[in-house]
Every structure is written in C-alpha cells, then in structure tokens.
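Enquirer: Residue numbers (our numbering), protein chains in the order written: chain E, 1 to 275; chain W, 276 to 525.
Any given hint might turn out to be false.
Stated by the list, open to error - Taking beta-carbon pairs under 7 Å as the criterion, some of the chain E residues facing chain W (in silico): (1) Thr3; (2) Asn65; (3) Glu75; (4) Gln165.
To be verified - Listed next, the in silico DSSO-like pairs over lysine-lysine satisfying Cα-Cα at most 30 Å (straight line): (5) Lys6/E x Lys521/W; (6) Lys227/E x Lys217/E; (7) Lys521/W x Lys14/E; (8) Lys414/W x Lys58/E.
What the hints assert, rightly or not - Sample of chain W residues at the chain E side, in silico, Cβ under 7 Å: (9) Val287; (10) Arg289; (11) Tyr361; (12) Leu362; (13) Pro470; (14) Ile471; (15) Leu482; (16) Thr485; (17) Pro486; (18) Glu487; (19) Ala488; (20) Val525.
To be clear, the hints were calculated from the coordinates, so they are not data collected in a lab.
Glycine included, every Cβ here is placed at the ideal spot set by N, Cα and C.
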Amino acid sequence: MITIEKLNFAYSKKKPLFQDLELQLAPGKIYGLLGKNGTGKSSLLKLLTGLVFPKSGKITIEQFNAQSRRPSYLEDVFFLSENYELPAISINSFAKANGPMYSKFDALKFKSFVQLFEVDYNSNLEKLSYGQRKKVLISFAIATNARYLFLDEPTNGLDIPSKSQFRKTLLSGFKEDQTVIISTHQIRDLNQLIESVIIIENGQIIFNKDVFQLEEKLFFSRSLQEKVEGSMYSEMMPGGYVHVFPNTSGEISEVELEVLFNAVIKNPTLFNQQF
Amino acid sequence: MEFNLTRFGALVKRDFIIYKKQVLLLMLSSVLAVAAIWYFTNRTYEQEENLLEYWMSWYLIFLAFGLLITAFIFREFKSPFGRMQYLSIPASHLEKLVSRWSYSLILYPIFITIVLFGFAFTEVDTGHRDYADNIQFGKYLIHAFILAHAIQLIYAIIINKNVAFKSFILSIASFIVTLLIAGAIFYLVFHEYIPIGGLKVGPDMNLRLTPEAMELFSQRLPKIGLFIGKFILPPYLWIVAYFKLKEKEV
C-alpha cells in the first residue's frame, strides 16, 4: 500500500508543485498517472522513489518512508525515468553489474524480454538507439520483480510493435502484489493496460478511479452529431464525436482515456459527482 | 545505518564492471606520471638531489591525483539521470559512501605507492638516508591527504558539476576566510599582549605572556591542533559526508 499524507513539495519557494496532496494506492493494480505538462507527474514518481524529498508531509510505502531510501525498500522499487544514462558496456555486463543488487532479479527473464523486444543481447548499450535502450531498461525493470514499478513515459521512443510488446511483457510479468504506476501523455498506447486512472492538476489529485468504476458509471459513445442530449462532455475525434454520458443503462462501453482526461480536466466536479 | 557485506561486494563488483575502462586508464596514467617524474629527475640531478626531487614531485603528484580522483569519485552526480540511477541503487548510503571512500582513500594510495616503490627500488638502496627521511615526511603527507580527501569527498557529494574546479576555488576561499577570522579572533583576544614592533609567530613567538601561557600557546595548542587535524577532523568529516549523501536529491 502506498500512502501519501499532506504532501507539500516545491522546487522553488514561489511555485509550489503539490499542496497537501493525499493519495492511497492499493497493490495489485496498474495505475495510469495523467496530467498536463509540468503538473508534477515525474516529480511524484521521484518522491515515491525517495529521489526528491517532500517539504512536509509523509510518503509511506508498506512500512518504509520513501525518503530514507533503505536498501530493502529500493530493491522492491524500480523507477524508469523518461531519460537516462547508460554505461558503455554490453547488455550482458549491464545485467551482471546491476542484477545482483536486486535480490529477486531473474537474469533469464531479462534475457528473454530483451530478445522479445528484438534487441541483440550481446550488443553494447552505447551503440543502441534511444528506443532500443529503453527496451533494455523496461526488460530490466520487469525482471527485477520489484513490487513497485514506477514508469515515466515508458512508451516514448518505442516503435509500434514494441508498444504492443511492452504491454504484453508488463502483463506477463505482473503479479498480484505488485503496483505499477505509469506516467504518460501517450494514453492511447496504454488504453487496455491501465486499471486505475489518476489525474493530477494544480498540485492536487483531481480524479482517482478504477476503470471498472468508470465503466459502471460512465458511458462513452460515438456519433456524427456535435451535441447530443444528456452528454456530459463531447469531443471531436477522427470519424465524428465522442460523447460521455452518465451510465444509466448499465451497459458497458470502452473507456476512452484521452476523452476522459480532457473531460475531467474541463470539469472535475461534474465527473467526481458521478461516483 | 545499514552495512551488508554481500551487498557491499555486489556494489563494488557493479562499479568495477561499469568503470573498469576508466580504472585501467587511471592506473596507466598514474604509472606514466611516476615514470615521467623518475625520468626527468634522473636526467637533471645527481643521485642525492634527484632522490629528494623525486620524492617531492611524487608527493605533489600523489596529492593532486588523489584529490582529482576524489573529485570525480561520484561522477554519476554530474547529470540528473546519473543521480537518479545511482541514488536508487538498492544499497545503503553507508555502503555507497564506504565503497567510494575506499577506492579513493585506500586503493588509490596503495596502488600509487606500489608504483612509486617499484620505480624507487630500481635505483635506491633501502637503507639510504634520504629514503628513510622521506618516508618520515610521507607520514605527514598521508595525514594531510586523509584530511584533504575528507573535505574533497564532501565537495564531491554536494557539487554536481565541475567538482575539481569548484572545490579548488571553495577550498582557497574558505582557507582565506578561516585565516582572516582566526587572525581577527587572535587579535581581539591578544592585542594587549602583542609587543611594540610586531608579533613573531612560530617557535619564537614573542607575546608578552607568562612562560606557562607561552608554553601553552607555542607547544601544547599546536599539538592539540595537530591531534585534532589527524584524528578528530577526518572521521568527523566522513560523518558529514555520510549525511550529505543521505540528504542528496536528484
């Protein structure tokens, strides 16, 4: 369980990023952390990893205080940042160097994931492209079997087949006691992966719902008409308009995350009232 | 504070795998530097003098190289991504600090001393007088290096970029400031005991004090100062370095 209580955080005194932020995340889910640029998605992941410290408030993950960066906590956490530096060594050496730091690291799993991403296991990290290096890091992150995976824009730089491979790889390695938080702008890449949606705006969590709740309470439909009676929000998409309605019939529709995000940002109170 | 030997071993192995090229390059340049000193001192001076020159140059190289290595010992901190990766490695702050501390304070001096002795033994009899004298001087050097290393280690943790340059400037600035403050305090306390014609410092200190007080200031206090510098200050600074690493953010 991840618990954030009264979290205040700022990079500069004049511009606070989070003010009295509260959040609880249960294990066994893949969370999608959504927000506009600069709203603090990456900072929240860094706070959870203990890489930056809150000005006040508390972040506890199980019995650990993230800020203390205890080894027993860090070996159960893997933070994949959007950008990274990798040493000029082979993938095999990278596994030999970093794998033993994680007690649950599975070297065979790592190798098979790298190969599934079609990256040569013997190649030197320095000679790989940005996307290929990201594939190696995603493979490593999953192979650590860490209970908390914090992935910042994991599909950035991945080609189309690799995005699908990323979803498959993540799901194949996912266990019930794990918590995965994916911060992303590329919502469509993760539409079928995310089980819970968290939206950050103005230093606050303005929306935090499970996908099954969204399916139960909201109904997404497409039409050629711009305005449809009873619609809470409408947005033009290729091929027409997507409308969001309160789900009164109990019929299940596919949650369109991009539309949901825009809808919630526009009127968070209206959408929260539905739950 | 946590320290697990297995994890420490894994951390050292990790560093070696990642930085083996840099380590080999550093070892090679150390050998070349000592060889260059040896060659040039041999060419310029006679045996007695060149030995002294050799040792003095070596001391300089030993200190300069050692402090330079220490400045780069947390080279991951250069970029935010490097900091993220290093700080999130599942090892305790103590294990991370001790690993880098031991490379720069234990392994480096051992290696460079072996290189130095390797060269020195090619021409010098071990019973040579200068050799023994210089070994004695080397003890002071080791203490000076331990203290300077402890300060540099803190700089290496708190400064992210251009550590060597910034730490050099900071060291000079803090040395001057400390000297000025110490001078001002000394003057405030002792100005009425300073004789007309000015103050002499060192063993011939001419403050108008009682012989007991003079003995205290010229003999005992320097010894206490030396003791603090040798045995109290370095461990204190290592503890400061530990807390600085613990407080380090991306």
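Enquirer: Now look at each hint and say whether the structure bears it out.
Expert: Comparing the hints with the structure gives:
1. Thr3: With a closest approach of 20 Å, the Thr3/E hint is violated.
2. Asn65: violated (12 Å)
3. Glu75: holds (4 Å)
4. Gln165: Violated, about 24 Å.
5. Lys6/E x Lys521/W: Given that 30 Å is the threshold and the Cα spacing comes to 23 Å, the pair holds.
6. Lys227/E x Lys217/E: holds (20 Å)
7. Lys521/W x Lys14/E: Given pair Lys521/W, Lys14/E holds - Cα atoms ~26 Å apart, limit 30 Å.
8. Lys414/W x Lys58/E: violated (49 Å)
9. Val287: Violated - the Cβ of Val287/W stays beyond 7 Å from chain E, reaching only about 11 Å at its closest.
10. Arg289: holds (4 Å)
11. Tyr361: The hint is violated - Tyr361/W has no Cβ within 7 Å of chain E, the shortest such distance being about 10 Å.
12. Leu362: holds (6 Å)
13. Pro470: violated (53 Å)
14. Ile471: Violated: closest Cβ of chain E sits about 54 Å from Ile471/W, beyond 7 Å.
15. Leu482: Leu482/W check fails; min Cβ-Cβ to chain E is 49 Å, beyond 7 Å.
16. Thr485: violated (54 Å)
17. Pro486: violated (56 Å)
18. Glu487: violated (52 Å)
19. Ala488: It is violated, given that the least Cβ distance between Ala488/W and chain E is near 50 Å, above 7 Å.
20. Val525: holds (4 Å)
Violated hints, in rising order: 1, 2, 4, 8, 9, 11, 13, 14, 15, 16, 17, 18, 19; the structure is consistent with all others.
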